[in-house]
Amino acid sequence: MAGSQRNTYSVIVSWAKIILPMVALGLLSTVFLFSRQIDPEAAIPFADIDLEERLREQRLSKPNYATTTEDGSALTIVAESAAPVLDGDGGTAENIVARLKRIDGTTIDMTSDSGRIEGTKTLTLSGNVAIDTSDGYTLRSDEMISAMNRTDITSPGPITGTGPFGDLQAGRMHLTVPENQDGILAVFEDGVRLIYTGNSKGSEEQQ
Amino acid sequence: QGMQTAFGASDQNTDAPIEVVADSLEVNDTANTAVFVGNVEIVQDKMRMTAPRVEVTYREDDAATPEVEDGIAKVLATGGVTMTSGEDAAEGETAEYNVESDYVILSGSVLLTQGRNVLSGNEARINLSDNTAQMTGRVRTIINPGSSQ
Chain A
1359 MAGSQRNTYS
1369 VIVSWAKIIL
1379 PMVALGLLST
1389 VFLFSRQIDP
1399 EAAIPFADID
1409 LEERLREQRL
1419 SKPNYATTTE
1429 DGSALTIVAE
1439 SAAPVLDGDG
1449 GTAENIVARL
1459 KRIDGTTIDM
1469 TSDSGRIEGT
1479 KTLTLSGNVA
1489 IDTSDGYTLR
1499 SDEMISAMNR
1509 TDITSPGPIT
1519 GTGPFGDLQA
1529 GRMHLTVPEN
1539 QDGILAVFED
1549 GVRLIYTGNS
1559 KGSEEQQ
Chain B
3 QGMQTAFGAS
13 DQNTDAPIEV
23 VADSLEVNDT
33 ANTAVFVGNV
43 EIVQDKMRMT
53 APRVEVTYRE
63 DDAATPEVED
73 GIAKVLATGG
83 VTMTSGEDAA
93 EGETAEYNVE
103 SDYVILSGSV
113 LLTQGRNVLS
123 GNEARINLSD
133 NTAQMTGRVR
143 TIINPGSSQ
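If you're matching them up, the sequences are chains A and B in order. For the first sequence, the working numbering gives the first residue as 1359, with consecutive numbering after it. For the second sequence, the working numbering gives the first residue as 3, with consecutive numbering after it.
The reader is advised that the hints may include incorrect statements.
Here are the computed distance ranges between Cβ atoms for each label pair [stated by the list, open to error]:
#1 A:His1532 to B:Thr84: 24 to 34 Å
#2 A:Asn1486 to B:Ile144: 54 to 64 Å
#3 B:Ile144 to A:Asn1538: 44 to 54 Å
#4 B:Ala8 to A:Leu1543: 39 to 49 Å
#5 A:Thr1478 to B:Ala18: 42 to 52 Å
#6 A:Val1455 to B:Leu113: 49 to 59 Å
#7 B:Ala18 to A:Ser1472: 39 to 49 Å
#8 B:Leu113 to A:Arg1498: 34 to 44 Å
#9 A:Gly1549 to B:Ser111: 28 to 38 Å
These aren't lab readings, by the way, just hints derived from the structure by calculation. Fair warning: this is a prediction, and the values are worked out from it, not measured in the lab. Even glycine gets a Cβ: it sits at the ideal position worked out from N, Cα and C.
Chain B on its own, in the form it takes in the complex (with noise of 0.2 Å):
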């Protein structure tokens, strides 16, 4: 059963740049990959993301359109991710940053915290854009009476 939720600062601009910092970074160009590894941390305006690895993939650039196809597809965070977002967190094993739909998808003992309120569950579908996040698999959530809405 899936539960929706408000998530994230409302003016969230996901085309604001993204500032990655890490330990080291290991760029291959066949592979059109980008790994950090080493207490990784991701900014981009409100929205932080922190992981041990990240790996960002670059679009493909295929030769067959005009146009060059260059930025980064997509970003996928492992071991253990948390992530902020205005005053909202989020937490989960791993992460994938879809950078053109505006969607990360959170998996692995999710756990959402809004304020007082507590979302778990297996996966959420947080969309930056408008600020929702949809949780499904086994969701259990803690509302605080009281809690300020």
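With the rest of the complex left out, here is chain A (with noise of 0.2 Å):
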């Protein structure tokens, strides 16, 4: 190989060694030095008008309230936001989940789309209301007023049901449980229809 003529590959090669460990070393050092700015002042994610609203009407955003009944019965209310009534005690909510857990371990569970708590004697829930008891029943009306020291629930309008009577269909409802007993007594008045399908003849058919 003519030693006089220098091999131009090799030199490339030899300024390549240099020139690339810098630039790398180059790039390495960018991820330290240029790094985001971190402005505290952007960090809070809420917007001006939410701040305002939040003032005017003192809201608060996932409230959750608990008590006990008088019959020992643990209720739990839990909402999306909640705000104090202007004009008395109490206070309305959105997207209610509320849950009564009674002594015989039985649940009440009820949801809404709005609530309204009037001191801490009613809570009124408004907006397709849905009850879901443990012992099968399921009921959908679009008021239901319960009291919060007992379990006394009442549908003042229009509600249909299904349990273990079958499907039903009434103008009002009436939930309590009575002193001497511990199972729930509900009253429907104003035209009640039922629709009963599962008479299964005798339990052999159940196999």
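Put the two chains together into one complex; each comes in its own frame, and the hints tell you how they fit.
Below, the structure written as structure tokens:
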């Protein structure tokens, strides 16, 4: 190989051995030197309108409320947001999920679009209210008024439901737990229509 | 003395859904009953029963047996019951419909009419599945001659 004519290939390689590591070093340093500026001001994701609304209405987000009723059941209420009522004590709330856990273990779950708590006595749920009890009743109505110190739920308007008794439609409902009983007593009025399909003949059919 | 007669529509389906319409209903969870009050009307396939007060008792789900016993055990209608099945009709003070055994027991001045034949007595035991009625207690029957049988 002609020694005098330096081989351009090896010249390139020797220069590359110097330039490439330098470039790599440069790239590496940019990772730390040009980091994003963290702007503490922009960290809060609330829009201004939200802040004003919160201040004006003292709105709470994700409030939850727990109490025990006279007959010893535990009532817990969770909502999406809640705000105090301006003209009295109590508050309104959105997307309510309430659970009444009774001492004999049965639970009554109530959900609704919105609700209103007056003092600590009554909770009024409105907007497709759904009640599901652990012993098989499911009730749907537009508005339900539930006492908060004892198990007493009233639906002034039309109500539909299913349960051990079959599928039911009624004009009004009043569900309570009488003193001398531990089971639920539900009284439906203003016209009742019940369709019962499941009268399976004897238990052998269920095997 | 008793009297056996046919009663009710032959193809009465005793497993058909039962529909109950009333003014008010009281469901008592502990006693496992549902009491309908106020011109109650019960319809099951071809059988129709009307009465001022009807008490439905549900089967007690006894925890001992593995499968769940749910379902109606007994329907007790009181205060003057009229019952029609097909073109036959029956009246009585009270009627007890035992769903499992498909029997309706009418008692208290019972009146059975089929077309133009009339039967009266103290108690009638109507079997819905094989459409027979067993009348007992001072049975009097009026068969109109020339009735098309």
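Against the structure, the hints come out as follows:
Taking the beta carbon of each, A:His1532 and B:Thr84 are about 31 Å apart, inside 24 to 34 Å as hinted. A hinted range of 54 to 64 Å holds for the C-beta pair A:Asn1486 and B:Ile144, which are about 58 Å apart. A hinted range of 44 to 54 Å holds for the C-beta pair B:Ile144 and A:Asn1538, which are about 51 Å apart. Distance hint check for B:Ala8 and A:Leu1543: the Cβ-Cβ separation is about 42 Å, which falls inside the suggested range of 39 to 49 Å.
For A:Thr1478 and B:Ala18, the Cβ-Cβ distance of about 49 Å falls inside the hinted range of 42 to 52 Å, so the restraint holds. Separated by about 56 Å at the C-beta atoms, A:Val1455 and B:Leu113 satisfy the suggested range of 49 to 59 Å. In this structure, B:Ala18 and A:Ser1472 meet the distance hint of 39 to 49 Å, their C-beta atoms being roughly 41 Å apart. Between B:Leu113 and A:Arg1498 the CB atoms are about 43 Å apart, so this pair conforms to the stated range of 34 to 44 Å.
Take A:Gly1549 and B:Ser111: their Cβ atoms lie about 31 Å apart, and the range 28 to 38 Å holds.
The structure agrees with every numbered hint stated previously.
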